[in-house]
Amino acid sequence: MPDPTADVEDLDSFRARLRSWLADNMPRRDPDQPSPLARGLLTDEEELADVARARDLQRRLFEGGFAGICFPREYGGQGLTPAHQQVFNEEIVGYEYPARIQVPTFQPCATVLLDFGTHEQKLAHIPAILKGEEIWMQFLSEPTGGSDVAGAQTTAIRDGDEWVLNGSKIWTTGAWWSDWALCLARTNWNVPKHRGLTVFMVKIHQPGIEVQRIEMLNGSKEFCQEFLTDVRIPDSDRIGEVDDGWTVGTRWMFYEKSFPISFFTTRPAGSGDPMAQSAVGGSLVRQAAAMGRLGDPVTRELIGEAHALSVVQGEGNRRIGRAIATGKMSDQGAGLSKVLGGTLGIRLANINFDLAGASAAAWSDDDASLGARGVAFLTRQAGQIGGGTVEMARNVVSERLLGMPRERTLDRDVPFRDVPRGPSSR
Amino acid sequence: MPDPTADVEDLDSFRARLRSWLADNMPRRDPDQPSPLARGLLTDEEELADVARARDLQRRLFEGGFAGICFPREYGGQGLTPAHQQVFNEEIVGYEYPARIQVPTFQPCATVLLDFGTHEQKLAHIPAILKGEEIWMQFLSEPTGGSDVAGAQTTAIRDGDEWVLNGSKIWTTGAWWSDWALCLARTNWNVPKHRGLTVFMVKIHQPGIEVQRIEMLNGSKEFCQEFLTDVRIPDSDRIGEVDDGWTVGTRWMFYEKSFPISFFTTRPAGSGDPMAQSAVGGSLVRQAAAMGRLGDPVTRELIGEAHALSVVQGEGNRRIGRAIATGKMSDQGAGLSKVLGGTLGIRLANINFDLAGASAAAWSDDDASLGARGVAFLTRQAGQIGGGTVEMARNVVSERLLGMPRERTLDRDVPFRDVPRGPSSR
Amino acid sequence: MSALEPEGSLMELELTPDQEMFVETTDKFLNDCCTPADLRAMRDDPDGFDRDYWRQGAELGWTSLLVSEEDGGGTVSGRGVADLALVAFELGRHAAPGPFLPTNVVAAALSAGGTDEQKATVLPGIVAGEVVATWCWSEPRPHDRLGDVSLIATERNGSYVLDGRKQPVEAGAQADQFLVTARTEDGGLVQLLVPASTAGVTVAPMHGLDLTRRFAEVRFDSATVPASAVVGDPAGSADDVERQLQLAIVIQLAEMVGAMDRSFAITMEWLFDRYSFGRPLASYQELKHRCADMKAWLEAGHAIADTCAQHVQDASPRAAEMASVGKAYLGQYGPELVHDCIQMHGGIGVTFDHDLHLYLRRVVLGSRLYGTVSEHRQRLTALLERGATDDA
Amino acid sequence: MSALEPEGSLMELELTPDQEMFVETTDKFLNDCCTPADLRAMRDDPDGFDRDYWRQGAELGWTSLLVSEEDGGGTVSGRGVADLALVAFELGRHAAPGPFLPTNVVAAALSAGGTDEQKATVLPGIVAGEVVATWCWSEPRPHDRLGDVSLIATERNGSYVLDGRKQPVEAGAQADQFLVTARTEDGGLVQLLVPASTAGVTVAPMHGLDLTRRFAEVRFDSATVPASAVVGDPAGSADDVERQLQLAIVIQLAEMVGAMDRSFAITMEWLFDRYSFGRPLASYQELKHRCADMKAWLEAGHAIADTCAQHVQDASPRAAEMASVGKAYLGQYGPELVHDCIQMHGGIGVTFDHDLHLYLRRVVLGSRLYGTVSEHRQRLTALLERGATDDA
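Protein chains in written order, with our numbering: chain A, 1 to 426; chain B, 1 to 426; chain C, 1 to 392; chain D, 1 to 392.
Same shape as in the complex, but just chain A (with noise of 0.2 Å):
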């Protein structure tokens, strides 16, 4: 966090600078073509090809001095403040930006850098990533592991001054263009599983590592799952404390849920703002049009709704953010979006399913656009599960927000390989 007395630019200063060199130097966005992330699918080629025009992008915002707003000065960044940020994220409307290297590289992986990492550390990876040259992904998740994140089972065995890595990761994004990782490992099976943790940083493209890509049930390749076989990692790429990388980790998990609030990364004003909340029910109206339907009122009620529920959930997610912002409500609360979503993500998926009508089952050339409203609704239930089930944001709302008694668990007072792991991990 910057130094809040520090003398730092005025607003207003600040934008006009800003908006003159985004005009001089960065490309502006083709609003009828949708940039290629939000195309659905792309070939590999395609898929390099975004990712290396998004390390130039950022490499442009470095060299025009306007990577990481809110980063420490020493570390390449800005040293601005959250309302800079904002500034950025309303004046970027209408440009390019490096949209896919914001999650995970800057947050959590990052900000959690920041957090616990030492000088040495720091200066080796933040200005790489706030360069474009350093991408950077989640080794978090594990296949036996579920929602059960601290349940890691990778295991980190010291051999003096290196560690030795062996285990499995999954979901991460795109980690096959990649470049380091943030790799939560297990250092002691003998005592309570989070108290045997530790948290490191992987280099992904080495010996040892092997990346594997899966495929989703409607074709994308995005997410890779990692196999890796005693990887020898230094010691020196440890954060934080051996056994102590639960606290490391309860500060990845907050941040990996907090995107929607955080002023380290860029999200253009467009996103989850009134004018792209308009453009959901605008839209549904074109569409409607162009099959001949905006006369039903079926339809029309139908497209009411799905409009009223994205505004209601930009809305909320807004209140939600502000309220954690200012201390009026615990870091907790982040997981309200998604439980909101758990309700009007689900009622909106189905209507933008509905209207689609039989040509979302079967469709011709001609009706690509309905087709993939219909594969769309089949991957529904995936934002109901990436980033954290939302049925673990319903146990944590109501735990650590609500104050309702814990889940009993029968992992937290005994040996993490006591730990009873079901039928089919026996």
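Treat the hints with care, since some could be wrong.
[Stated by the list, open to error] Straight-line distance between alpha carbons at most 27 Å, and here's what the computed DSS-like set of lysine-lysine pairs gives: (1) A:203 <-> A:221; (2) B:203 <-> B:122; (3) A:203 <-> A:122; (4) C:28 <-> A:328; (5) B:328 <-> D:28.
[Said to hold, decoys possible] Label pairs and their in silico Cβ distance ranges: (6) A:286 <-> C:17: 42 to 50 Å; (7) C:188 <-> D:142: 36 to 44 Å; (8) A:286 <-> D:184: 35 to 43 Å; (9) C:68 <-> A:403: 57 to 65 Å; (10) D:142 <-> C:68: 53 to 61 Å; (11) B:369 <-> C:17: 46 to 54 Å; (12) A:157 <-> B:243: 53 to 61 Å; (13) D:16 <-> A:403: 56 to 64 Å; (14) B:409 <-> A:164: 57 to 65 Å.
Because the hints were derived from the structure by calculation, they are not lab data.
Treat the numbers as computed from the prediction; the structure is a model and nothing was measured.
Quick reminder that beta carbons are idealized off the backbone N, C-alpha and C, glycines included.
Based on these hints, arrange chains B, C and D on the given structure of chain A.
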């Protein structure tokens, strides 16, 4: 259960005999005149008249030799089979019948008596029930008990050949005009809760029992609460063994939930059958026509949805009942009907409310039927609570039918007096 | 008792010190005079509120927030609509009686477009809580769809002759003055201030779901008022009506969120207090998850009610949209939330002596009047179409 | 592994011994030849099924159940539609490939109304699994609403000239014979059996959600067939089309319930097997309650699919209603159930290598084709209106 090898009247002859008897002896139902019970709120005078009418109808059936089709002959029943009851259910359509004493008088009260009563107890009460002389109620739920009926705190203490009862029971329908009750009472506080219960037959109107009527939020006063103060019951009115009341209670609960599949009660083939289901959609069509909304596609879609759900609910209940009756599903499956209503019933209630439009919130005398939809919506949850909550049914289905692990209880292996009871109960 | 206080029970996240005091005063007043027992006792009261109560509310500022200072009104924070929403939220939290909505809508209309005479003779009484005014807008079938106006105002010899029916009119049988939205012969709209005592005006009480809010049908049979009864420039009446609708909705939404907030708080307390099978209800995961959902719906409800108030305050181009968004959302999730609170209470929750139905009634009322959920959804699509046209 | 076997996994509660053997044989056959891996391997197969597979299915009786014995068909139980539903249920449980629905609809239509020549030359091949036939019924926008037929059949010199487009046509690119529902010049309907090889008939493959079911657009550009191509008496074509729709829906519903049944069984097993925080997922109350709901939805799904089959078997007056009830219900709760199964699996459940999406695709397909949920709801109201008229 009748002896299946006994020589019973064949169904066709039974049907012919019944048909002619009904025509001569039972009053026809005026289809345009809903029964007082179905009409909603009654004045006390109307209610007492309706109860008297039910007793009279039951008495006519008894005198005609058609009361208690499946009850043993020695206790005044007809000793016939479920198939005969089915014939009766079909033939009674279009006639008045004693609707309000089917539940809980015949089931669960009389059926519990049949299963657990002594010969003397049955002789004393079953014929009286079949003649319409005794209307029975359940003294089961307690104000502090919620869903946990086995947690009864009404206490019975032995005093020679008598028992002295103290406590309070709640949610008895019409205790103020009923005669007898089955009462679950605690006879031992020093053993775990299921092992210290005993069941008694209790005459409702006697010194020491104060019956107080409960007003529901829609103004209905059908339910009562009873306060028992030093009520003395002879030991000969005990059902089952001392402290073994839960054996009786388990069966009692099952009978309570299996009314839709019971053959000890009369359900005219109109209820839950296709004709009645058509009536649901048909009445909504007529209402929409009267409101001038039948041309509105939104209205048409809602009517169709409601009709579909009501038919599916009927068919689902029929399948569940048949599966239990044929032994393809365990008795615990009876809870599935409640669970099904937990989704479909709620949606139906919402549609009924929505179709009534703004008049369901504020209405003139002309729109009383639309106003009734509004009042019905206020009590939407009553059907999800009465007769055991839908949450309890979901517990039972998941645990007993699907075999999922039981919820942790903190009252199972400790003396009942040591069970935690919460801040307000201390 | 809940281990944590329910959070977010403020309508808006940030209040000025003046607003905080204003809210506190209103809350205290309502705590004193509108206990659930008081409300239950009024179930059969034909008026549903007491004139003294209403005068005291007016003294607290309830009736002056949308009236300019020149006209004898005044805001707390300089943003009268936002202040109004704060009171409405408290009224909802207490399921409080009183013609708050119709009186404020008429007061706002008079302050904005009333004649000097109306401002001099009628408005002061309204602001003082002496005069009850209400808005005659919606009509019976077949003209009951949102915004449909068929009551005819015929101009004749410098007077207007009114013929038609209006329902439901809140506090219609209690009101002294009616602001009547009527159709002119040329198809436009005109608004007229009509004293209840006008010849040809009759009032028939209706039934309603709320325990204290009363509704009536107001009939106009050749009821004649002078041209000076016109409120605002008829050329702008359609816009005035839209503004009045938005103000009514701001009040409705805030009331609904207040009632939801109270229901949720009552339920959280109950879940901690009540034990089943030796465990507090609050420890059952399925109930916990539903509470998490309710908390999320509630926060989103606060958010949209607040946003709507701000947009209407600013007369922003999105004010109409936000009003309909709020109605579409709270009209559905409001009743769902309170119903689920009732469900968690079991049988006691559906009794007349329990408090929950007081809030349920208020929320359900809000889901129906000034446009149903279905009507506001369809209105949104119409607004979007218009927006889409503007884009092109 | 689940402590109790999932119950009610039979489509109907009571089967004859012959039906039991029939179901068992089909199940065994599908277990052998249609593993999830087999299905995944066919994702890019242009046909989506293997002709040998289809012939073997036909040998098991899949194609003969709606064909009279005189025409070379035969039932298992004497109730062919009910038998058909049993196969469809198994196909759904295995998400199995093959043109089961369109072939059976056409076979039924030919057996009921085909000419002697059609019965002699085309029907035997269909029954033997040598010939694939499909029904060209629904049409592209703006004629895509349920039952809308605009493709024109012009009578000319004792021939019919067809002009128009049909889509989606299941197995359209694989079929040898098309049963085309067309509009005559006088506004009535006529059905024609059109060989795929007819001049003027072109087929364009479409995309679809299912892994093995293929769809196409079939275009008719002055495609000409002799009058002998007519199937059934055109005066009764509307009734024939309704009957074909009902048969299609019987198959769809049974397939959907089969797919739901399998998804639920997979999920129950997973919940017992998977541990989180040291406890099986099956021990979490919130998941338990959702499983109870799913079980109830599933039983109700079995019930309505079964009831619909029985009504259609008996050509009862309520057959149309039951078909639409089934579509309205399963079209909504089918996808909900499978989606919730996926949710309980977490990330693995949305991967291509997991099996659940195979069943999801089948269920979602069933929710859309031969009428959407919305269309069948509205059709029910139309049926109710007609019924109400009959009453009066």
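Inset, instruction - Return the numbers of the hints above that this structure violates; sort them in rising order. - result: Numbers 9 and 14 - these are the hints that the structure violates, sorted from lowest upward.
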